[in-house]
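Undergrad: Here's the letter readout for the chains.
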Amino acid sequence: MEPVKQEELQKLIDSFAGKDVYIHLETTNGAYAAHFQEGFFNAGAFIRNIVVNYELGKVAGESPHRVGLKLPSGWIYAQGITHYELDEYGRLLMAGLGPDGKLAVALQISETPFTY
Amino acid sequence: MEQERHVLVIFPHPDDEAFGVSGTIATYLEMGVPVTYACLTLGEMGRNLGNPPFATRETLPGIRKKELQASADAMGLTDLRMMGLRDKTVEFEDDEKMVKMIQGLIDDTNPSLVITFYPGLSVHPDHEATARAVIETIRRMDAGDRPKVYTIAFDNDTVNQIGHPDVHHDVSGVNEKKLGAMNAHASQTVWMMEAMQKRLDEQDPDALKWLNTEHFYTYTF
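Chains as they are written, first to last, in the numbering used here: chain A, 1 to 116; chain B, 1001 to 1221.
These aren't lab readings, by the way, just hints derived from the structure by calculation. It is possible that some hints are incorrect.
Claimed, not checked - Examples of chain B residues lying across from chain A (beta carbon under 8 Å, computed):
#1 R1047
#2 L1049
#3 P1053
#4 T1056
#5 E1058
#6 G1120
#7 H1124
#8 N1156
None of the values given here were measured: they were computed from a predicted structure. Yeah, the Cβ is synthetic: ideal placement off N, Cα and C, and Gly gets one too.
Based on the sequences and whatever the hints tell you, model everything.
TA: Spelled out as structure tokens, the structure:
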């Protein structure tokens, strides 16, 4: 993965619009957040291999970016995206990595299912 | 350390075995005691991807699988079983399915000792779910057939709740193997190990204590 180049990422997101695609979306503080910092309110969410068909996708803001997908009757968005790559399987992998290299958020789009 | 018939180690993540049990595993193997390590997931949800990144969310499981194998090699462990669950989902699996999986491992290896986490005091939801399943499975066995159970507890409230560990293993004879297991999990441990190596080089007493001894709580039913 490399730091987001906004125009290139926008083109990649455009290339999946109007197709049935598999989505991976997660956000996390890590399972140990409350162990290391007592009282920390630990929240996260994870979905994998949900099929959607978005009509419009957009990269917004300065890095870390926000990426939003407009669905016929809903929305998906991720905040904090810093890195991306189109991998060898043609999947668009976007990630928000903290300065420590820890994944804080991921949004991934693929025409084939992600592995279990 | 006591001679055992067979030792079965059950943890959910690649690297769970490395920090506090790898010396024990390596020592049993040197004593000629067969050891099985059943690792329930491949740590697919590990957060450390590096900056700049060395992995993606999708390539991480392959990396961690190789690291797990390398850790087993470093300990001299040949019976490594990858059980195919997914990281951070263990607590959502069907409880009876979990018990069946653990029972299968026990039936297969006939252990005199099982090593796992202590339920309620092992912090990560996967650790807790693994510990619950192991304890429940062994609880259902006839008292006379039950293996001994050694557990790891590291919740901040552990000493307050259950005091200090009662089992202490001198693993100073397998230093290199223990460090090898830790270093094998580079994607998770490389920064920690740089700091640890420095402390070991300086003969820091706490670091030496960590390297040379491992501690467990005997679980009583």
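Undergrad: The structure should be examined with respect to each hint, and the outcome stated for every one.
TA: How the hints compare with the structure:
no.: 1; hint: R1047; result: holds, 4 Å
no.: 2; hint: L1049; result: holds, 5 Å
no.: 3; hint: P1053; result: holds, 4 Å
no.: 4; hint: T1056; result: holds, 5 Å
no.: 5; hint: E1058; result: holds, 6 Å
no.: 6; hint: G1120; result: violated, 14 Å
no.: 7; hint: H1124; result: holds, 5 Å
no.: 8; hint: N1156; result: holds, 7 Å
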